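Using the sequences and the hints, build the whole thing.
What follows is each chain in one-letter form.
Protein chains: 4
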Amino acid sequence: MTLEGLYKELADLNETEAQTIHKLVQALKRTRVSPLAYIEELMNFQPVGYNEKKDVYVHRMLITDELKNRFKILHGGITATFIDTAMGATVFQALGPDVKVVTLELTVNFLAPGVDGWLTAETKIVKRGKTIIVMETKVTDEREKLIASASSTFFRLDQEVR
Amino acid sequence: MTLEGLYKELADLNETEAQTIHKLVQALKRTRVSPLAYIEELMNFQPVGYNEKKDVYVHRMLITDELKNRFKILHGGITATFIDTAMGATVFQALGPDVKVVTLELTVNFLAPGVDGWLTAETKIVKRGKTIIVMETKVTDEREKLIASASSTFFRLDQEVR
Amino acid sequence: MTLEGLYKELADLNETEAQTIHKLVQALKRTRVSPLAYIEELMNFQPVGYNEKKDVYVHRMLITDELKNRFKILHGGITATFIDTAMGATVFQALGPDVKVVTLELTVNFLAPGVDGWLTAETKIVKRGKTIIVMETKVTDEREKLIASASSTFFRLDQEVR
Amino acid sequence: MTLEGLYKELADLNETEAQTIHKLVQALKRTRVSPLAYIEELMNFQPVGYNEKKDVYVHRMLITDELKNRFKILHGGITATFIDTAMGATVFQALGPDVKVVTLELTVNFLAPGVDGWLTAETKIVKRGKTIIVMETKVTDEREKLIASASSTFFRLDQEVR
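Chains as they are written, first to last, in the numbering used here: chain A, 1 to 162; chain B, 163 to 324; chain C, 325 to 486; chain D, 487 to 648.
In case anyone wonders, no lab produced these hints; they're calculated from the structure.
Bear in mind the structure is a predicted one, so any value in this text is a computation, not a measurement.
Every residue gets a Cβ at the ideal spot worked out from N, C-alpha and C, and that includes glycine.
Check before you lean on any hint, since a few could be wrong.
[To be verified] Selected chain A positions facing chain D (Cβ under 10 Å, derived; list incomplete): (1) E41; (2) Y50; (3) L104; (4) T107; (5) T131; (6) I132; (7) V134.
Written out as structure tokens, the structure reads:
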């Protein structure tokens, strides 16, 4: 795909669509310097820090139109993506950058629709085993309404099994 | 965002990035005429049909670079999005377009990484209650390797509760 | 079965076995005056009260030999039974005795073996909908070690659906 | 507890209660020669065999009054116990008696009440990894009605992790 071809393709976009493509381009450009995947940049995924009092790792994402389903609320799959990403980032922050993990299993309870604004994920490590890590995440919106609650089992790949 | 502003933004893209934006624009344009959400178009989500012998509804998606995580395999959240979308589409196909549902709970077991090509989801309705619908989905790749297995509880909104 | 027949059957029990049957008889007799099922009496299931500060309903059970698996730790199924019973009792306490519910789905993460003594379940209602109730339960032992963490979706039968 | 003490305790049982104690004693006596736990004997848990065509391991249990909840249907916790036991027995049959496993996580969807007669569990191994085993179990009653559907992640303890 040449740039000229791309320009032609864009010529019939209306203003809202141009705005959407602008956001998609911004997300793509962020992946040039970020360790995040494109889909995570599309969510504006960001670490907020460690809440020592609650013993939870905090992350956030922004609900935008591109992430909504046909009923104009946040796509449940994106909620799951946010949770999975927050859990993976928590392992990275809590156990160090050399720990490699895969998700074995993820259970999400969807409690209320995600409508707009920033969502916050608070992730707690409930088991920190040699090979098994179990985490729980609560997702709330800016009104502090609970949107989703999830649990997940992760497996450490860096623990060599012989 | 004006088109001219957008063109400037695109000027420094390399060829691979231009190709990515091309795909994103195509996905956005498909939402003009499709009932699918943008994220579903990005996955190239498609219905394949009903397999009468197995009693499953079949859907598929294409693994592309935009949908991968930093380890260059399909993002687990996208697998969950594919499953949730396939289940929602199954309700639509099996119960009719007037049935409105929300996902109450989704459990996904991740069994093998999604690497490339088309993924196929086979969804079975295991309970078809007045208000509760329970479905199970198996996701396989083109080599017929089982990538993920999931179960989910959906709630019918069209059944008025007084 | 006549009592005499039963007496004959018991004649070859050793002391430990007689002790076990004693406990089983006690549990059976408690069901005469208790709303609890036999299996719940066998677990010595008891309400402890509502912890206002934590906003959780507290219940407990006693690990006995009859409830262990062949590896001499608490049977995982009994842990699940304890959790399901604690959640059902929580609905009863929080919403009143006329509310009838069934469990739609239960997910349990087993975090450490149950070895001996009393187990405590703390149950929080995370969604209290018109027809859907979602709860989360944490099970700890007397050393405050986390044994299991669970989430569950309950359905209210008393909300008539027309 | 002496036998004489036990006899006194039994003196006021009515016929139904004596019948219940009879079954409990029979279950206890079976544990003398069986590898099963008491709770499994109480369920009359039995292996039925391997169904090669379906590639599932089949087990069964008998619904009795002792296993019911206060609504006179099978206690959901016992359904979970049946499933967990069937999965453990499947590992034993499929991988050999030296393989030691623990349940990491169990998700059960309760689809219909268990009322009476024998329940059948069909268990399929969907992932047979070096350390992780994922299984799915379907529970049906004698009318072939689907009572419950479950998935579970097991962890092999015999694979030494260094």
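Each hint tested on the structure:
The beta carbon of E41/A is not positioned within 10 Å of any beta carbon in chain D (closest approach about 31 Å), and the interface hint is therefore violated. Contact between Y50/A and chain D, as hinted, is not supported at the beta carbon level, the nearest pair being about 26 Å apart and thus beyond 10 Å. Because the beta carbon of L104/A sits about 6 Å from the nearest beta carbon in chain D, less than 10 Å, this interface hint is met. Interface hint at T107/A: satisfied, since its Cβ lies 6 Å from the closest Cβ of chain D, which is below the 10 Å cut-off.
Among the interface hints, the one on T131/A holds; its C-beta lies about 6 Å from the nearest C-beta in chain D, closer than the 10 Å criterion. Taking 10 Å as the C-beta contact cut-off toward chain D, the hint placing I132/A at the interface holds, the least distance being around 6 Å. Interface hint status for V134/A: upheld, as the beta-carbon distance to the closest one in chain D is roughly 8 Å, under 10 Å.
Hint check: violations occur at hints 1, 2; the rest are consistent with the structure.
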